[in-house]
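With chain A's structure known, arrange chain B on it following the hints.
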Amino acid sequence: MKHVKKIALMTTLLASSLVITACNEAPPAKAGIPPKLYTDSLFAVMNADRANYTKLIIQRLGPNGAGAIKPDEHWKEIENGALLPAQMFRAGSEAVAEVTDEFTYSLQSLWPINKQNAPKTPLEEEGLQYTVDNPGENFYGEEKLGDVTYFTAVYPDVAVSPACTTCHNDHKDSPRTDFDIGDVMGGVVIRVPL
Amino acid sequence: MKKFIWATWMLVTLAIAGYYGYILLKADNKQALLIGETSHGHFQIELACSSCHTEAFAGPELMQEACVGCHGAELAEANDTHPKKKFTDPRNADRLSVVDARYCVSCHTEHRKEITAPMGLTLPEDYCFHCHTDVGDDRESHRDLAFDSCASAGCHNYHDNRALFEDFLVHNHSGPWLKEMARLTNPNGAAILASKRVPEQQPTFPEQKAAHPDIHKAWSGSNHADAGVDCGGCHSDASSNEWLEKPGIAQCQTCHIHEAESYKSGKHGMRLAQSLPAIRPADSKLPFKETALSLQQGCNSCHSAHRTDTLFAASEACLSCHNDEHSRGFDSSPHGQLLTRAIAGVIPVEQAVSCATCHMPRAENIVDGKTVVQVNHNQNHNLRPNEKMIRPVCMQCHNLGFSIDALADPALIRNNFNGKPATHIPSIDWSLKRVAD
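Taken in sequence, the protein lines are chains A and B. Under the numbering used here, the first residue of the first sequence is numbered 1, with each subsequent residue one higher. Under the numbering used here, the first residue of the second sequence is numbered 1001, with each subsequent residue one higher.
Next comes chain A alone, as it looks inside the complex:
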């Protein structure tokens, strides 16, 4: 009788442990989008939107065009004020942050006007420096912040118009005053939690 009980107990334990572990196994992972393609795609959209905003709105309607809007750092304070392209970019990232945390992005620089936009993590600094030293190339890496590992991509932000360089060169808070057209002025940092 004792043996039967023992055997029954052991069998039950074995069976239940098998069932529990088997049923809790994660389903096989589906093939996903590689992080590099993901961030490249996001950057393509961000860049296109900002370029369009600069060309079609700021250049067309601003002081160099129709003169109907006044792009200014303190756009809220002046009548018909408009966001600068960099501010529009940041507004986009803030709006995204309100909707999802599946990815984050920001505009940073080694020579920022606002010190808060300087690189904060070692990988950001490495990435920004890489894009300065290797023109035309993007930087990809992984870093751990808090408890989460992120795939971090840094895309160079190049001065494409005199509006970019003159404003930064003349700004009293700019640490660098010798930007030229074609220089890498900063970078777009996109982060995806892995």
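Please note: incorrect hints may appear among the correct ones.
Straight-line distance between alpha carbons at most 20 Å, and here's what the computed SDA-like set of lysine to any residue pairs gives [as the list claims (entries may be wrong)]:
#	chain 1	residue 1	chain 2	residue 2
1	A	K76	B	N1188
2	B	K1086	A	Q116
3	B	K1370	B	N1188
4	A	K120	B	T1371
5	A	K172	A	P112
6	A	K55	A	P35
Cβ-to-Cβ under 7 Å is the rule here; a few derived chain B residues that face chain A [said to hold, decoys possible]:
#	residue
7	T1088
8	D1089
9	P1090
10	R1091
11	A1093
12	D1167
13	R1414
Listed next, the stretches of chain A that the computed footprint assigns to chain B, with coverage defined by at least 3 CB atoms under 8 Å from CB atoms of chain B [said to hold, decoys possible]:
#	segment
14	56-64
15	72-85
16	120-128
17	144-150
Keep in mind that the hints were calculated from the coordinates and are not lab data. Heads up, the beta-carbon is just placed ideally off N, CA and C, and yes, glycines get one too.
Below, chain B without anything else, positioned relative to chain A:
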């Protein structure tokens, strides 16, 4: 013996559990559950637990929603310098470990009166430094400043820097301390919107009119009579057409929407917003006149029911209750003297400064497509930090430097601006120096 002890323990436990369980679940007055004294900002609604604690075991997100529900609009209007969205990027994760700046309650914890500083702040005074460690390197002028001097008058504010940001200081550094033509715009919101708001059909009460000839006479000379608001316009419920002896804020609100809403956002009406009975001077710790202690707040506290006298509402009404040093000093102050002369007809009303000029400022709003000037009845809207008053109020008549200096002088504020500012705040000078360099 043991049985007796067990029985006693059981009874006492049940009694205590029953008492608190009853209060938690059934009682209307949950006073016994307050874990600590509430702050000056919220003490009026401390018994409306669900105004902040919307759900049991809710967690920080829901609590945050409660904060934003009342304070969000004002912060957005103030162009909040440290909004939540600044901190959600994972690159700021290490800063959040010091202070979780995504949530209001991280810095403004309630029920901790013993550690509550002005403006409800419950953090040690070096809270700025933990993120802004390199201020001394970036700004020569700030190198030797004390760690707790960041949020001083005229310098910086965590949320609202509309009158303090560098470019604003530089842009407005000049001008005489008192403008030549210092005038305010008169409110015209009610008049302009009346045609849309006043109901065409109002119940009539001829027997009431006949029974109160004095009141009818007073009303005939009022703005309500001009706008076509008859007895029935106020003295009747919207649903039934029966006579309502004492109209409440709900009746005023049918037309004076902005005024009633802003009133309920401020200290005078915040209890009404939570469906609590209106505040009385006796319930507050501020000094009030003896005669006013048990008067309940309402539209009628300042506005006569049947006569239009906004000058009275703008200052004498206030002074009939408030009895602190600042209020007592008003009549003899330069501002108060202007009002006395305006009431006497010596100077135009637009040049007068009343309590309401500073504490219930006029603002231009766009309502139903029309631009109107309305009085913001939230007397707390620009009270703390007082730099909030600079742009909508002080700078209508004074220049920026003078306004900053005056608002930074507590003694001057206490005696209601009877004299010149004692110290000079160097904010503008430092900003100009940076431009020059």
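Hint check results:
{"no.": "1", "hint": "K76/A / N1188/B", "verdict": "26 Å, violated"}
{"no.": "2", "hint": "K1086/B / Q116/A", "verdict": "10 Å, holds"}
{"no.": "3", "hint": "K1370/B / N1188/B", "verdict": "11 Å, holds"}
{"no.": "4", "hint": "K120/A / T1371/B", "verdict": "46 Å, violated"}
{"no.": "5", "hint": "K172/A / P112/A", "verdict": "11 Å, holds"}
{"no.": "6", "hint": "K55/A / P35/A", "verdict": "30 Å, violated"}
{"no.": "7", "hint": "T1088", "verdict": "5 Å, holds"}
{"no.": "8", "hint": "D1089", "verdict": "5 Å, holds"}
{"no.": "9", "hint": "P1090", "verdict": "5 Å, holds"}
{"no.": "10", "hint": "R1091", "verdict": "5 Å, holds"}
{"no.": "11", "hint": "A1093", "verdict": "4 Å, holds"}
{"no.": "12", "hint": "D1167", "verdict": "6 Å, holds"}
{"no.": "13", "hint": "R1414", "verdict": "33 Å, violated"}
{"no.": "14", "hint": "56-64", "verdict": "violated (count 0)"}
{"no.": "15", "hint": "72-85", "verdict": "holds (count 4)"}
{"no.": "16", "hint": "120-128", "verdict": "holds (count 3)"}
{"no.": "17", "hint": "144-150", "verdict": "holds (count 4)"}
When the structure is compared with the earlier hints, violations turn up for hints 1, 4, 6, 13, 14 and for no others.
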